[in-house]
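Below are the chains, spelled out letter by letter.
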Amino acid sequence: MTRPDSDPSADNPFSTRYTRPGAIPFRFPPGSDADKLVEQLRCQGWRGAIVGPHGSGKSSLLAALIPAIRRAGKEVLLVELHDGQRRLPVDLEKGSGVFVCQADSAAQVGSQTKTPDPFSGVVIVDGYEQLSWWNRLRLRGVARRRRFGLLVTSHAPTSLPLLFRTATSLELAQAIVRSLLAGRPELVSPEQLAQRFELRQGDLRELLFDLYDLYEQRRH
Amino acid sequence: MNGPLVRIRFDGNGRVYRPGETLSGEYRIESVAPDEIKAVEVSVLWYTEGKGDEDLAVHSFWRVSAENGDRSDPPRPGRFSTVLPRSPLSYRGILVRIRWCVRVRVFLTRGREVMGELAFRLGDVPAARAAGNGHREAPSEKATLA
Amino acid sequence: MARNFRIVPKKRGNRSTGSKWWGRVIEASLSAAALAVGCVGLVIVLNRVVVPEWRTNHQFVEHRCTVLDARLGEQKTEDGTLCRPEIRIQYTVDGQKYVVWTYSKSWQYSSNRAVEQAILERYPLGPEYVCWYDPADPSVAVLVRGYSLWFWLTLAMPASFILIGGGGLLHVVMTWGKSAERRAAQAQRGSPLDLLDAERAGAGFPCVPAPASVTNSPGTTLSYRLPVVAASGWKLFAAMVACLGWNGIVALFACVAISGFLEGRPDWVLTLCVIPFAGVGVAIIVYAFRYLLLASAVGPTLVEVSEQPLYPGKRCEAFVSQTGRMRVNSLDVLLVCDEDATFHQGTNTRRESLRVVEQAVYHRVEFDLRHGVPFEARFPVEIPAGTMHSFKSDHNEIRWKILVKGEIAGRPSFVRSFPVIVCPAANGSNGKVNGQAS
Chain A
3 MTRPDSDPSA DNPFSTRYTR PGAIPFRFPP GSDADKLVEQ LRCQGWRGAI VGPHGSGKSS
63 LLAALIPAIR RAGKEVLLVE LHDGQRRLPV DLEKGSGVFV CQADSAAQVG SQTKTPDPFS
123 GVVIVDGYEQ LSWWNRLRLR GVARRRRFGL LVTSHAPTSL PLLFRTATSL ELAQAIVRSL
183 LAGRPELVSP EQLAQRFELR QGDLRELLFD LYDLYEQRRH
Chain B
136 MNGPLVRIRF DGNGRVYRPG ETLSGEYRIE SVAPDEIKAV EVSVLWYTEG KGDEDLAVHS
196 FWRVSAENGD RSDPPRPGRF STVLPRSPLS YRGILVRIRW CVRVRVFLTR GREVMGELAF
256 RLGDVPAARA AGNGHREAPS EKATLA
Chain C
230 MARNFRIVPK KRGNRSTGSK WWGRVIEASL SAAALAVGCV GLVIVLNRVV VPEWRTNHQF
290 VEHRCTVLDA RLGEQKTEDG TLCRPEIRIQ YTVDGQKYVV WTYSKSWQYS SNRAVEQAIL
350 ERYPLGPEYV CWYDPADPSV AVLVRGYSLW FWLTLAMPAS FILIGGGGLL HVVMTWGKSA
410 ERRAAQAQRG SPLDLLDAER AGAGFPCVPA PASVTNSPGT TLSYRLPVVA ASGWKLFAAM
470 VACLGWNGIV ALFACVAISG FLEGRPDWVL TLCVIPFAGV GVAIIVYAFR YLLLASAVGP
530 TLVEVSEQPL YPGKRCEAFV SQTGRMRVNS LDVLLVCDED ATFHQGTNTR RESLRVVEQA
590 VYHRVEFDLR HGVPFEARFP VEIPAGTMHS FKSDHNEIRW KILVKGEIAG RPSFVRSFPV
650 IVCPAANGSN GKVNGQAS
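Chains A, B and C, in that order, are what the protein sequence lines are. Per this note's numbering, the very first residue in the first sequence carries number 3; after that it's consecutive. Per this note's numbering, the very first residue in the second sequence carries number 136; after that it's consecutive. Per this note's numbering, the very first residue in the third sequence carries number 230; after that it's consecutive.
Isolated chain A, as found in the complex:
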């Protein structure tokens, strides 16, 4: 008899649906949380940068901050840059041309509602360093002129004030792997996990992909 797909053991706990930004809650350092960071962002004039290396949780932190920014009364427009995009896919110069979603989740470029009012919330650019220097300059200038906030992620410091510096640690990796496995048999020993963590130079994203492959090998 064929087992239906509802069998939990058929899931790979390291599938992207469980590990993508937002799926794993961001673990704030002690004494910090999303609302406090948003308060800090507000004190910085709604301008800030989240800086950190590959796979250190920048996008996950954004996913945690977006609801908090909305709770603080600001609309959010999220722009995710991929594949070496050197310019923004939306023209923020045209105030009334910005697409803003009125629903609970942050608006992403290309979503549905177009408001007649100039956008006055916070523009979040994930992958800021992919923009050319000219487009970065323009973006900062437009943000100042149009008076909307600007929060970016970057691998290196930018001219925007630092909001948070993300970093990974072996303890963090162990905690995340434990939460993903939740109830399943241990996949790797702590020593093996430490070795893989070092091999991937602290890149949590690549570590989780490795564990995906390992889980599949063990299952077969």
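Because the hints were derived from the structure by calculation, they are not lab data.
Derived list of chain C stretches under chain B, where covered just means 3 residues or more per stretch with a C-beta under 8 Å from a C-beta of chain B:
| id | stretch |
| --- | --- |
| 1 | 433 to 440 |
| 2 | 580 to 589 |
| 3 | 611 to 620 |
| 4 | 623 to 633 |
Just so you know, even glycine gets a beta-carbon here, dropped at the ideal spot from N, CA and C.
Keeping the supplied structure of chain A fixed, place chains B and C upon it in accordance with the hints.
Same frame as chain A, now just chains B and C:
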């Protein structure tokens, strides 16, 4: 009192279907008063899972909304029925999996939502295994500027 | 080698992976240019040909004239002498006498002297004939009216440009901005759903690539010729350009460095800088040479199949033809299935591929390929029962291919890939009946 819950059941308790077969069943909304329900959405959909971004497509969709004058009566089960398509079949691969399910989403007052989901299989494709020496092309990644 | 260089990527062979946006822009620009050329041409044709001929046939006034003389007008060209009938007539309009050479409005030169001469013989001198004059300018008159072939040809040319350009622009406008949005987001907002992406519905199978993408070329031996995934010619061209460009610049600096040594004034900084660049240049030469060796010896590979699409558990016939001039150590044909997954994470795009089916369907060792004598083989191919059909969504794909791999004596090996479409079996059993392949 328990929180709101959605239970789904397929007719004949079947979980494995062939293309072109009729998938039918019922759903029950428990621990919810009738006047708390704003709308109910029932979807028959497939989604991918694995190492790639999730893709998703809805095959059948129904919405029962209080705004349209349709009332949901929680004690009485709601019914759904659809003829399943010829593809894509359910698939248990290594990098890519394709799963079919029925998803019932209930929109309650005060912005609350509750969802229930029950998976089923379309077709009988066995689980895949890596071929031969497990030929795998190393992931190509377009990195950002360091 | 000429087949490897396609100026315009062919639908059945080269898969363009460039920017869709730029593709649309270029398509729109070309269509707009064709439309503009057609419109300008149409204006010219209307002004010079169509309107004058129409006026001749509808507005010229019928009259009587006398033929005074007749001759064959000649025009010397590079291809010879062309001629046309020229008839001198006399007529009076409103008391004014007119004497003009004429025949018809279009009055084209022709190379057929006999035909033109026969026309002249229809107008012997002396008798009166019917003619038509232009009331706006009575000095313009003709002996014959009607629409010539030239009229229709000149009208067809700009019309075709307008059709092509206008059709292309219309196509771009109607398809611009059409993107695959997540249908689930629409379902959750209660909007009507577009359940099937028509571009991907292959023969009524949602998310199965359309068989037309691989069946649009008929075969010469079997029913369908499969497209090859990539043409190697441009890679060779790029390698050659890189080789020449890089090594040319390095050679320039190397010459400067060497001349310094010869003149007793060595520039050690320049010399030390040139060395690593020269090393890279040598590597590029080796890389380009390997490609050249491969391209010069290995000709096109053709693969044809008797059926498309294919089904699990079903068998079809395949035909492979390989040309070239080389000693082949081994030639293998494989049927493979790959899973492809693309993940956009943060700012990176990650693509990974894994082979889940690999089946050898043909193997031949130790044979020679001679110029002009292709190697050919026919053999059965069976899609294993119980395997998954072809699948394509935005970020995930299951692809079936026929691979032709060759090991060549003294040269790099080659692999050529030919996509095939596998559809689900009609009853969803995926090729199995009572546990057996059907």
